Each structure stands twice: as C-alpha cells, then as structure tokens.
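Given the sequences, and given the hints that come with them, work out the whole structure.
Going by the working numbering, the sequence shown opens with residue 4, and the numbers climb by one from there.
Check before you lean on any hint, since a few could be wrong.
As the list claims (entries may be wrong) - Computed cross-link-like contacts, SDA-like style, restricted to lysine to any residue with a CA-CA straight-line distance of at most 25 Å:
(1) Lys80 x Tyr64
(2) Lys97 x Ala73
(3) Lys80 x Ser31
(4) Lys97 x Cys51
(5) Lys61 x Asp119
(6) Lys97 x Ala145
(7) Lys80 x Asn103
(8) Lys97 x Tyr64
(9) Lys61 x Thr88
(10) Lys80 x Ser48
(11) Lys97 x Asp25
(12) Lys80 x Thr49
(13) Lys80 x Val126
(14) Lys97 x Glu34
(15) Lys80 x Glu136
(16) Lys61 x Asp50
What the hints assert, rightly or not - For each label pair, taking beta carbons as the anchor points, the in silico distance ranges come out as:
(17) Ser52 x Gly32: 15 to 23 Å
(18) Asp119 x Glu66: 34 to 42 Å
(19) Ser31 x Thr88: 37 to 45 Å
It is worth saying that the hints were derived from the structure and are not from the lab.
Predicted, not measured: the structure shown is a model, and the values here were computed from it.
Cβ atoms here follow ideal geometry from the backbone N, Cα and C, with glycine treated the same way.
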Amino acid sequence: MISKHPLIAVLLLATTTANAADNPMWRSGLEWTCAFSSVIRCERSTDCSSHPDNGTIKLDYRENNLIDLAGRSHPIKRHYVQTVTGSPIGSEVKIELTTNEVIWLSAADGGGTFSDNWTGAMVSPRVGVIVQELRPLICAPAS
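Structure follows, in structure tokens:
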C-alpha cells in the first residue's frame with residue numbers, strides 16, 4: 004500500500020512526528036518524576052473511594068517508557084498534545100501506555116501561566132471487582 008500511495012505515507016508520518024515533537028514537557032526535560040499520595044478505586048457497582056497510597060512513577064521520553072512503583076518498565080504507546088479550544092489551560096499532554104493506562108498532564112493554571120511542574124492524573128483500568136484506579140499526579144523534571 005505504501006508503494007501505491009507514497010505521498011499519503013509521508014504525510015501520515017510527518018503528522019505523527021510533528022505531534023510528538025511538539026510535546027511541551029520536553030522544554031523542561033525528557034525525564035520526569037511523578038508523585039502521588041492517594042488512589043481512587045472504583046468498583047463494578049460504581050462506588051468509588053479514595054485511599055492513601057504514596058509513591059512515584061518515572062516518565063522517560065528518551066527511552067519511551069514509564070517506570071512503575073515496582074521498577075518495571077512499561078512502553079509508551081503514544082503521546083501527544085491535546086488542545087482544548089477556549090480553555091484557559093490551552094493544552095495538555097496525553098500519554099497512552101501499552102498497558103492501556105492513560106496519563107493526562109497540564110502545566111498551566113486557570114490563568115494560563117505555565118510552570119515546570121505538571122499536574123494531572125493516571126487512569127488504570129483493572130479486571131475484577133475494582134474496574135478502575137485513578138492517581139492524582141504531580142510531575143517535575145528529574146534532576
């Protein structure tokens with residue numbers, strides 16, 4: 004198919020590369036440490052509850068992976084900037100892992116002021132009684 008439509012293949016590759024290259028987190032670094040102090044667990048019966056749960060995860064864009072609490076590496080499937088028209092935040096970074104976990108992060112406050120600290124959440128789908136976990140994250144460039 005690529006040989007029949009080389010222009011389409013080139014445009015598709017350019018679009019994918021441009022979205023990844025515009026990741027605003029990269030301005031502050033390619034390695035990030037994200038801390039959390041709680042987890043919200045939602046059960047199949049739709050009840051959700053918050054529990055204390057301290058930990059850190061590491062984002063490594065250079066190696067294209069996330070290191071979890073146990074030190075295991077999870078490849079990043081894709082990441083991109085998602086722009087919200089009319090939002091004071093302007094845009095956020097969405098990171099999808101091969102585990103189907105998703106991270107949304109933003110560095111702007113309600114006034115549109117950016118900082119090196121990014122806040123957001125990591126949503127983890129589960130199987131069984133607990134169907135989803137959500138961890139509020141605070142991320143900073145690794146030193």
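Note to self: Need the status of pair Lys80, Ser31: alpha-carbon distance at most 25 Å?
What the structure shows: Between Lys80 and Ser31 the Cα gap is close to 22 Å, so the pair holds against 25 Å.
Note to self: Need the status of pair Lys97, Cys51: alpha-carbon distance at most 25 Å?
What the structure shows: holds, 23 Å
Next item on the list: Please work out if Lys97 and Ala73 have their alpha carbons no farther apart than 25 Å.
Entry: With Cα atoms ~23 Å apart, Lys97 and Ala73 stay inside 25 Å; holds.
Notebook entry, point to check: Given the proposed pairing of Lys61 with Asp50, does the C-alpha separation stay at or below 25 Å?
Noted result: Judged against 25 Å, a Cα distance of about 29 Å means the pair is violated.
Check: Are the Cα positions of Lys80 and Glu136 separated by 25 Å at most?
Finding: Within the cut-off at roughly 19 Å; holds.
Checklist line | Satisfaction of hint between Thr88 and Lys61, Cα-Cα up to 25 Å | finding: violated, 30 Å
Notebook entry, point to check: Has the given pair, Lys97 with Glu34, been kept, meaning a C-alpha gap of at most 25 Å?
Noted result: It holds: about 16 Å lies between the C-alpha atoms, which stays within 25 Å.
Check: Are the Cα atoms of Lys80 and Thr49 separated by 25 Å or less?
Finding: violated, 28 Å
Next item on the list: Just tell me: holds or violated, for the beta carbon distance of Ser31 and Thr88 against 37 to 45 Å?
Entry: violated, 25 Å
Margin query: With the threshold set at 25 Å, check whether the alpha-carbon distance from Lys80 to Val126 stays at or below it.
Written below: holds, 15 Å
Note to self: So if I understand the rule, the pair passes when the alpha-carbon distance is 25 Å or less; does Lys61 with Asp119 pass?
What the structure shows: holds, 15 Å
Item checked: 25 Å Cα cutoff - pair Lys80, Asn103 -> holds, 9 Å
Checked against the numbered hints given earlier, the structure breaks hints 9, 10, 12, 16, 17, 18, 19 and satisfies all the rest.
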